[in-house]
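Novice: Each chain is listed here by its residues.
There are 2 protein chains.
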Amino acid sequence: MTATHFDREIHPKHSYSPIRQDGLEVPETEIQLDDSPTGPNEPFRIYRTRGPQCEPTEGLPALRAEWIAERGDVASYAGRARNLADDGRSAQKRGAASMEWQGEKRAPLKAVEGKRVTQMHYARQGIITKEMEFVALREHCDPEFVRSEIARGRAILPNNVNHPESEPMIIGRKFLTKINANIGNSAVTSSIEEEVNKLRWATRWGADTVMDLSTGDDIHTTREWILRNSPVPIGTVPIYQALEKVGGIAEDLTWEIFRDTVIEQCEQGVDYMTVHAGVRLPFIPLTTKRVTGIVSRGGSIMAGWCLAHHKESFLYENYDELCEIFAAYDVAFSLGDGLRPGSLADANDTAQFAELKTIGELTKRAWDFDVQVMVEGPGHVPLNMIQDNNELEQKWAHDAPFYTLGPLVTDIAPGYDHITSAIGAAHIAMGGTAMLCYVTPKEHLGLPNRDDVKTGVITYKLAAHAADVAKGHPGARAWDDAMSKARFEFRWHDQFALSLDPDTAQAYHDETLPAEPAKTAHFCSMCGPKFCSMRISQDIRDEFGDKLESQLGMPAFPPTVAEDVQTVEEARAGMAQKSQEFKDLGSKVYLRDEETHAAH
Amino acid sequence: MTATHFDREIHPKHSYSPIRQDGLEVPETEIQLDDSPTGPNEPFRIYRTRGPQCEPTEGLPALRAEWIAERGDVASYAGRARNLADDGRSAQKRGAASMEWQGEKRAPLKAVEGKRVTQMHYARQGIITKEMEFVALREHCDPEFVRSEIARGRAILPNNVNHPESEPMIIGRKFLTKINANIGNSAVTSSIEEEVNKLRWATRWGADTVMDLSTGDDIHTTREWILRNSPVPIGTVPIYQALEKVGGIAEDLTWEIFRDTVIEQCEQGVDYMTVHAGVRLPFIPLTTKRVTGIVSRGGSIMAGWCLAHHKESFLYENYDELCEIFAAYDVAFSLGDGLRPGSLADANDTAQFAELKTIGELTKRAWDFDVQVMVEGPGHVPLNMIQDNNELEQKWAHDAPFYTLGPLVTDIAPGYDHITSAIGAAHIAMGGTAMLCYVTPKEHLGLPNRDDVKTGVITYKLAAHAADVAKGHPGARAWDDAMSKARFEFRWHDQFALSLDPDTAQAYHDETLPAEPAKTAHFCSMCGPKFCSMRISQDIRDEFGDKLESQLGMPAFPPTVAEDVQTVEEARAGMAQKSQEFKDLGSKVYLRDEETHAAH
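These protein sequences, in sequence, are chains H and Z.
Under the UniProt record's numbering, read the first sequence as residues 1 to 600, first letter to last.
Under the UniProt record's numbering, read the second sequence as residues 1 to 600, first letter to last.
One should not assume that every hint holds.
Copies of one chain are not kept apart here, so a pair can be met inside one copy or by any two copies together.
[To be verified] Cut-off 30 Å, straight-line C-alpha distance, at most; resulting in silico cross-link-like pairs (DSS-like, lysine-lysine): (1) Lys93 to Lys105; (2) Lys519 to Lys289; (3) Lys519 to Lys13; (4) Lys115 to Lys105; (5) Lys364 to Lys311.
Rather than coming from a laboratory, the hints here were simulated on the basis of the structure.
No experiment lies behind these values; they were computed from the predicted model shown.
Use the sequences and the hints to build the structure in full.
Specialist: So, in structure tokens, the structure goes:
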């Protein structure tokens, strides 16, 4: 692995500018802006996920190690021995993984006997941890609000005690909508180095968490490299690795192999794990009349096992033991929707909702152990059926954060499923989904490469932000306004700097008007230099200044026009009221949003 | 211009397969499908916009010429003389446009004295024209329904008598959602040949109408080439050309120059024209406090004119004369939203809605002349404020078809505005918008090239289709179901053939698994050959077959599970009922949709 080339900021106007308070250093990016004609602009600050940079071989500093130690409720222990089987048959043959982790190996930590070390446990005790303080600074809200949201289970702060490198972040619908990027090798392709590069690439562009979905060689060691280099929480689907350990034969899986795999991953530091414990034996026949059956890989593994043995799922049967393990490391459940629809035709069917109902039951059971939970959602859902998913999830899963894959709103556009799913993602996040799992252009077709990862991340950032704006999240629209002001004033460099993807914005601009003067010119390629609509708007502003419309000395409004304006203003007021009534009467999501914003 | 390379279908499994009925030949594409394990699949048929192919120099056959002539209400006349000023100063200097139209020149037609030749006029007389029959076959509905929708103004069938090459299509919210692609040269770049290629390229991928927004050299002649080669209605913004005629100085515009330009374009065959007659003098000061002022080019031209002269808009003042002209050629109004918001900050403000209210008034006035009307809409609108636009447009503009640009739901993603706007487009179309104007990745940054045009068209096709599915448009979801069935059965070639963009789908697939056997293999690159979730689903299906769940001889449902399934089914029923109540009580859009679907 060579020295990283990710060191530079994504734009020369960006810089690392942390919030420093109470001994914490919370990362943010500051964007320098050029002056407006009317005066200078304050720098604009945005959320930052990329974390500190390091040699991949060294790994990131253990930011949270002291905070964890100070609480005095964990102890280190020997942990599982190095087991080449964790890395698959190639590693066993070779006697090593293809590129063993070269950095420091820490002994794993776990809770001392009788203790639970989850953020939910602390929150319920009324304790505001350093992690919660960090999150409060990052989200610009009150630490007590962070604590209370975690305590009631409406938000999670995923951070395994064995992943002290991660910068605390929160997933919950009262906070900024988050996005997840999937990486991971497969039997078909890809290397450890590529996966670490994808991790850094995804977080550089704004991934809030990353899931390692590896199913190929060197699963254990790839994950080690990823965790030691990840400033964001890492999620996995442990059944994938368990399946590799039994040679890909679902029926050979056992609870013992699964549990051992979970402990292996707990010791490494995985922050949340997808567990398909809601796929119960009696639900499987509910899928037979579907157009696309079971499309979740984990769901079909468990369905395969249940069928082969004609037995209830070992995940469901041993769920309490799993909760005890998770509580000892602070691993969060991501309760997997193994029966999610794989096509519009199968959306919102009985199989899907029977599982969701069960997931709700499992959520409560995890909470009995103070284990944090989020709930996974679909998938493929027509636009008009999306909001039902939010409502049932909130009702049945008791407001646990919802984490959806898209959903895709049509099946007919392979190659464009980042878009078909971003439409659904923005819509479902507006309705209360807390985290969106990205979909790349390669969905249904192949494995994403570096460009696909970036496209997926940027697409989901924009969908998440659109939802934050629509929800009226405090401060969200300021970013749009800063961009629009720069656009109106032809501050091209600021427009690039304020973009989610400055490189692409500038490259597209340069294709038509490459010369540097075009970046300070007061026109663009749409209208050309001769005529510019923005300039006319400026003329209007110059002419009318800040005068009120009524003082303009314009010819008196013709009666129909005065009436137009009046009718318009009444209609706007009327809509605002109607909207309020809607909130008051029916829209639970928004009603709760309002309550919270009033509260913090 | 060389022989076209657009002759081949977009996939080898596609073929031209028209509906032939009552002497009409209505284009459709038939897609051959491979067999399922359970038996053969019927070919799948889709809407086809690309039209017949020809040498660009020859132009398309005049499909509608006879139908127009048979009605006996038009006559040919000399028309305006060839005027090099129509093509700008380069043409005047040169003594010719850079590439004069080489095909047949027909004398223009117009209504004989005292006649109106619009489809709305015929519809109101109870006449079902050939154009309406054609549309009914194309949309798979009753011709009388087409007539009644046009008569009441809720749909338009844009087809100038001087553009007999076009295949009739309809824009209205009871029909398939349509999309428009913008092309056109600018002062900065592009040639006649390029524009004709873009037209053919856009219709190949599914553009339902094309707007020629040229502002550079050879405007008249470029448009001639486009019209003679266009199987879809062509729209323009005549004020752009009028502005060129006065050297780009807005204040030098006059009603006479504008009217002459409109007649020039009527004679050529433009099917609909954007006219910003709703930008009235008193509304202009309403924009001064906006973040982005007036961003519509046409709107700012008119605002510039009004300001310079301190006079009411000549478009508004002379609107009735314009209606008379349009009625004589069957040109439809696209009433331009010159005061549309250019940023989230400016969405749904008084300026925007004052104009919309005025547009409603202008709609009624056009209908007095039997002139067809659609209404243009925003722009940039937060996701939660979109539906208000549909509702006010339907109320104030009396259900005239709504035609929106996106809207973009965030301002922060230049380079990805096809996506930010597709999110808004799908949402607004679900709420009743009839046609969506595409946005390409170059929006705000530069002029779209060929790839951008394709990306814009495909993105908008998927958004329009997602909306059709969400609206429950009869038959819309069949396409998704055909794709999903092919996906479940690993019919890879069928998946490509059923894609909006087969080339991209196949290219992405081949990147990971290039060999031909991989296209018949029963696995994909996501899970690899060893384990396949689709295969497990098939095993489940094989095991349970078509048995009802209750007859499966499964272990009795544990009580909580039986309860889960029961609760789930009650919840689903409850949601359906709630959804119905919502329709009954408040959702006018859907309520009307339901009425209509019941009616035809």
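Novice: Hint by hint, note whether the structure agrees.
Specialist: Status of each hint after checking the structure:
Only within a single protomer do Lys93 and Lys105 lie at most 30 Å apart by alpha-carbon distance; the minimum there is 23 Å, versus 78 Å between protomers. Taking the closest pair of Cα atoms, Lys519 and Lys289 come within 30 Å of each other only across two copies (26 Å); inside a single copy the shortest separation is 58 Å, beyond that limit. Taking identical chains as interchangeable, the C-alpha atoms of Lys519 and Lys13 lie at most 30 Å apart only when both belong to the same chain, with a minimum of 15 Å there against 47 Å between chains. Only within a single protomer do Lys115 and Lys105 lie at most 30 Å apart by alpha-carbon distance; the minimum there is 25 Å, versus 89 Å between protomers.
For a Cα distance limit of 30 Å, the shortest separation of Lys364 from Lys311 inside one copy, 24 Å, qualifies, whereas the shortest one across copies, 69 Å, does not.
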